Structures are given as structure tokens and as C-alpha cells.
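Colleague: All residue numbers for the sequence shown refer to my numbering, where the first residue is 1 and numbers rise by one.
For the record, the hints were derived by calculation from the structure and aren't laboratory data.
Note that the structure is a prediction, hence the values are computed from the model and not measured.
Please note that a few of the clues may not be correct.
Pairs of lysine-lysine, DSS-like flavour, derived with a Cα cap of 25 angstroms [as the list claims (entries may be wrong)]:
| no. | residue 1 | residue 2 |
| --- | --- | --- |
| 1 | Lys230 | Lys206 |
| 2 | Lys326 | Lys89 |
| 3 | Lys3 | Lys89 |
| 4 | Lys35 | Lys89 |
| 5 | Lys35 | Lys3 |
| 6 | Lys89 | Lys206 |
| 7 | Lys5 | Lys35 |
| 8 | Lys206 | Lys326 |
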Amino acid sequence: MAKLKDIAERLGVSISTVSRAISGDRTRPVSEETKRRVLDAARELGYPLQGGPAHAAGADRVQLACILPGGLMGHHPYFTAVLEGFHRKLEELGQPPALMRASEELREPGRLASMLEESGTRGVLALSWYDSRLYGQLAAAGVPIVGVSLNDESIFGVPIVDCDRLAAARLAVRHLQERGHARIGFVGGPAFDRTLERDERYIGYKFAMLEADRHPDPRWIVNSEWIIEKSYSETLDMLRRLGPAERPSAIFCASDSLAIPAMRAVIDSGLRIPEDIAFVGMDNIEFAQYTSPPLTSVHVPREEIGAAACTFLLDYAQGEHHGARKLLLPCELIVRESSGAAPGGADAEAAVKSVENGAERAAESLAERAVEKGAEKAVE
Numbered sequence: 001m002a003k004l005k006d007i008a009e010r011l012g013v014s015i016s017t018v019s020r021a022i023s024g025d026r027t028r029p030v031s032e033e034t035k036r037r038v039l040d041a042a043r044e045l046g047y048p049l050q051g052g053p054a055h056a057a058g059a060d061r062v063q064l065a066c067i068l069p070g071g072l073m074g075h076h077p078y079f080t081a082v083l084e085g086f087h088r089k090l091e092e093l094g095q096p097p098a099l100m101r102a103s104e105e106l107r108e109p110g111r112l113a114s115m116l117e118e119s120g121t122r123g124v125l126a127l128s129w130y131d132s133r134l135y136g137q138l139a140a141a142g143v144p145i146v147g148v149s150l151n152d153e154s155i156f157g158v159p160i161v162d163c164d165r166l167a168a169a170r171l172a173v174r175h176l177q178e179r180g181h182a183r184i185g186f187v188g189g190p191a192f193d194r195t196l197e198r199d200e201r202y203i204g205y206k207f208a209m210l211e212a213d214r215h216p217d218p219r220w221i222v223n224s225e226w227i228i229e230k231s232y233s234e235t236l237d238m239l240r241r242l243g244p245a246e247r248p249s250a251i252f253c254a255s256d257s258l259a260i261p262a263m264r265a266v267i268d269s270g271l272r273i274p275e276d277i278a279f280v281g282m283d284n285i286e287f288a289q290y291t292s293p294p295l296t297s298v299h300v301p302r303e304e305i306g307a308a309a310c311t312f313l314l315d316y317a318q319g320e321h322h323g324a325r326k327l328l329l330p331c332e333l334i335v336r337e338s339s340g341a342a343p344g345g346a347d348a349e350a351a352v353k354s355v356e357n358g359a360e361r362a363a364e365s366l367a368e369r370a371v372e373k374g375a376e377k378a379v380e
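With these hints in hand, go ahead and build the complete structure from the sequences.
Modeller: Next comes the structure, spelled out in C-alpha cells:
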């Protein structure tokens with residue numbers, strides 16, 4: 001069955017434009033010509049329009065909306081895949097396409113209320129977006145929210161679907177430790193409260209280091225603020241300031257999008273990957289396998305996250321669930337050439353020994369986390 005993405009590619013427009021044309025979005029209507037082209041392409045490709053066989057008569061049709069920062073609405077190596085999974089699940093269930101809104105435009109007075117009233121939106125997917133005032137307006141209107149990439153524990157009362165980022169970061173760092181690395185740096189960005197210390201990937205990095213009896217050197221930490229240019233410039237600055245015995249022998253990056261410019265900084269410093277500095281990224285985006293050398297990365301099931309978030313949100317919108325739930329999907333380490341073994345010597349041997357000594361403590365901590373998750377599920 002054709003997808004919104006197929007129609008968008010056929011016409012050279014965005015998925016958001018296709019969604020607005022098919023759903024008849026009155027709050028941000030497309031031109032009549034664009035609507036005609038979209039509907040014609042949908043019929044040619046076999047996309048199930050309203051009234052078609054995929055839309056069973058009498059079915060409870062639920063209008064949902066996706067709200068995300070405007071910078072993520074174009075092609076994005078991570079969030080585009082999440083949205084594809086979300087839209088595909090809607091299509092499979094015979095539901096209308098979700099509205100797409102940039103969070104910035106909804107901050108204007110009255111815009112959110114207007115969208116809810118005119119579109120009849122019954123549920124919102126909050127994609128890497130948090131605004132306490134607008135969340136409060138949605139709650140007052142009885143519109144449920146499901147969040148993706150909202151793993152900041154300071155956000156209470158919102159059901160979450162995501163990967164276990166803390167466990168994923170531990171997995172990445174322990175892989176480097178098992179390859180003999182003791183001096184492991186971190187390149188990442190802050191959580192929603194603008195502090196690096198609240199980000200789960202940074203927390204997982206610190207846990208893994210402490211479990212191996214290693215204290216991260218603050219000089220190895222790069223807060224890029226999720227800006228690609230800063231990942232490059234700040235990593236380059238760190239490497240210029242630190243000598244061979246001071247700099248990290250490996251770096252864990254909180255996303256592949258930050259890892260790629262950080263790797264470039266290493267090369268531009270005259271160093272080699274992985275001989276001088278090894279790398280592990282996170283997300284396993286398509287580009288990761290094409291870096292030089294190919295980037296080891298933690299695979300995040302992005303489309304599955306989007307599909308699960310869709311099911312979650314429909315359940316809440318149809319009144320089938322009450323109270324907050326949290327669903328964390330497992331991740332998998334994809335080992336490639338960038339995470340080579342540390343240079344031999346006492347430092348590498350000490351790293352391996354520290355990992356072995358910390359294994360029992362790590363298992364106990366993970367068990368406690370599993371118990372917490374089990375308690376959450378029991379509440380469900």
C-alpha cells in the first residue's frame with residue numbers, strides 16, 4: 001500500500017503538505033491546485049482516501065496532530081523515520097493523516113485553540129517538544145499527549161514512547177571499555193531544562209564510567225547544545241588543548257549527527273580513527289555506515305517507536321487508557337570499524353580490569369532499573 005512519503009516523493013513536496021491536502025486541514029489549507037495534484041497522485045498510487053476500503057464504515061476516526069520544532073519538519077536523519085512509522089500505522093488502521101504543526105507557530109496567542117476547534121484534533125504527538133503552558137492548554141481541553149524524545153524525567157504525567165537512552169549509553173561506553181579504553185570522552189547536548197546533567201545519555205555515560213571505577217575528566221566533556229557546528233569546533237578545541245596523554249582515547253557521542261562532525265575534528269587534528277581515538281555514536285542513522293571509517297552506533301528502532309506512539313495515542317484518544325505510561329524499546333549495538341581497540345599498555349589493561357570489577361555493580365543497578373520498569377507496568 002502506498003504511503004504519504006510515496007506521494008510526497010512523486011510530487012516533490014513535503015509529507016506535511018500531503019497530509020494537509022488529504023486531511024482537508026482548514027487551519028493551514030493548501031492551494032486547490034496542490035490539493036488536486038496530491039489527490040490525483042494518491043489515487044494513482046493506490047493510497048486509501050476517505051471512503052475507500054481501508055476506511056471501514058462506522059469506524060471511530062480519530063484526528064491526531066504531530067507537534068514538533070520547525071527545524072525538524074524537513075528531512076531529518078532521526079525524526080523523519082519516527083514520523084514515517086507514525087504515519088504508516090495510521091494508514092494501516094484506516095485513520096486520517098495527522099496534522100503537522102511547528103511548535104513555534106502555536107506559541108502565538110489563540111493558535112493552539114484555533115487548531116483544536118477547527119480540526120477536531122483528539123490527540124497530540126509531542127516530538128522533541130515541551131512547553132508547559134501549551135501542555136496545560138491541551139490538558140484543559142481534554143486532549144491527550146504522547147511524547148517521543150521527551151525522556152527528561154522532569155516531565156511528569158505525559159505518556160512516553162522511546163528507547164532506553166540510559167541503557168543505550170551504558171552499552172556504548174561498556175563496549176569501548178571492553179576494547180581497552182579507559183579515557184572515554186562524551187559529546188552531547190542538554191535536556192529540556194538546558195542542563196547537560198539531566199540528559200539520559202550523559203547519565204548513562206557517567207554510570208558506565210563510575211561502574212568501571214573511572215571518573216570522567218571534565219575536559220573530555222563537550223556540550224554541543226545539539227548544534228552540529230559546535231560538535232566540530234568544541235571537539236577540535238579540546239584536542240588542541242590536550243596532549244596525547246591527556247586526551248580521551250575514545251569518544252561516545254549522544255547521536256550520530258554529532259559523531260560525524262566530531263570525527264571530522266579528529267581527522268583535521270592530524271589524528272587517526274580508531275588508532276588514536278575510537279568512536280561510538282547513537283541512533284544508527286543511514287549515514288553511519290558510510291563514514292570513514294564506518295561508525296559503530298547504537299541502533300534505535302525509530303520507525304517502531306513512531307508506530308508504537310501512534311497506537312498509544314489512539315488508545316488514549318479513544319479512552320482506552322488512563323494515567324501515564326512509559327514504553328522504552330530496546331536498542332542494539334552495531335559494531336563497525338570506528339571502535340577499534342585501545343593502544344596496548346597498562347592503561348588498556350586497567351580499563352579491562354575495571355570493567356570486570358564493575359560488572360557486578362552494573363548488574364545490580366540494571367536489576368534495580370528493571371524492577372522500577374516492572375512497577376510501572378504493574379500500575380498499568
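Colleague: Now tell me if each hint is right for this structure.
Modeller: Now for the hints, and whether the structure bears them out:
1. Proximity of Lys230 to Lys206 is assessed by CA-CA distance (about 22 angstroms); at most 25 angstroms being required, the pair is judged to hold.
2. Note on Lys326 and Lys89: the hinted pairing holds, with a Cα-Cα distance of about 19 angstroms set against a maximum of 25 angstroms.
3. Between Lys3 and Lys89, the direct Cα distance comes to roughly 10 angstroms. Compliance with the 25 angstroms bound is thereby established for this hinted pair.
4. At most 25 angstroms may separate the alpha-carbon atoms for a hinted pair to count; Lys35 and Lys89 meet this at roughly 23 angstroms.
5. Using a Cα cut-off of 25 angstroms, the hinted pair Lys35 and Lys3 holds, with the two alpha carbons roughly 16 angstroms apart.
6. With a CA separation close to 36 angstroms, the supplied pair Lys89 and Lys206 exceeds the 25 angstroms bound.
7. For a cut-off of 25 angstroms, the pair hint linking Lys5 to Lys35 stands: about 16 angstroms separates their Cα positions.
8. Distance check on the hinted pair: Lys206 and Lys326 sit about 23 angstroms apart at the alpha-carbon level, within 25 angstroms; holds.
The structure fails to meet hint 6 from the earlier list, while all remaining hints are met.
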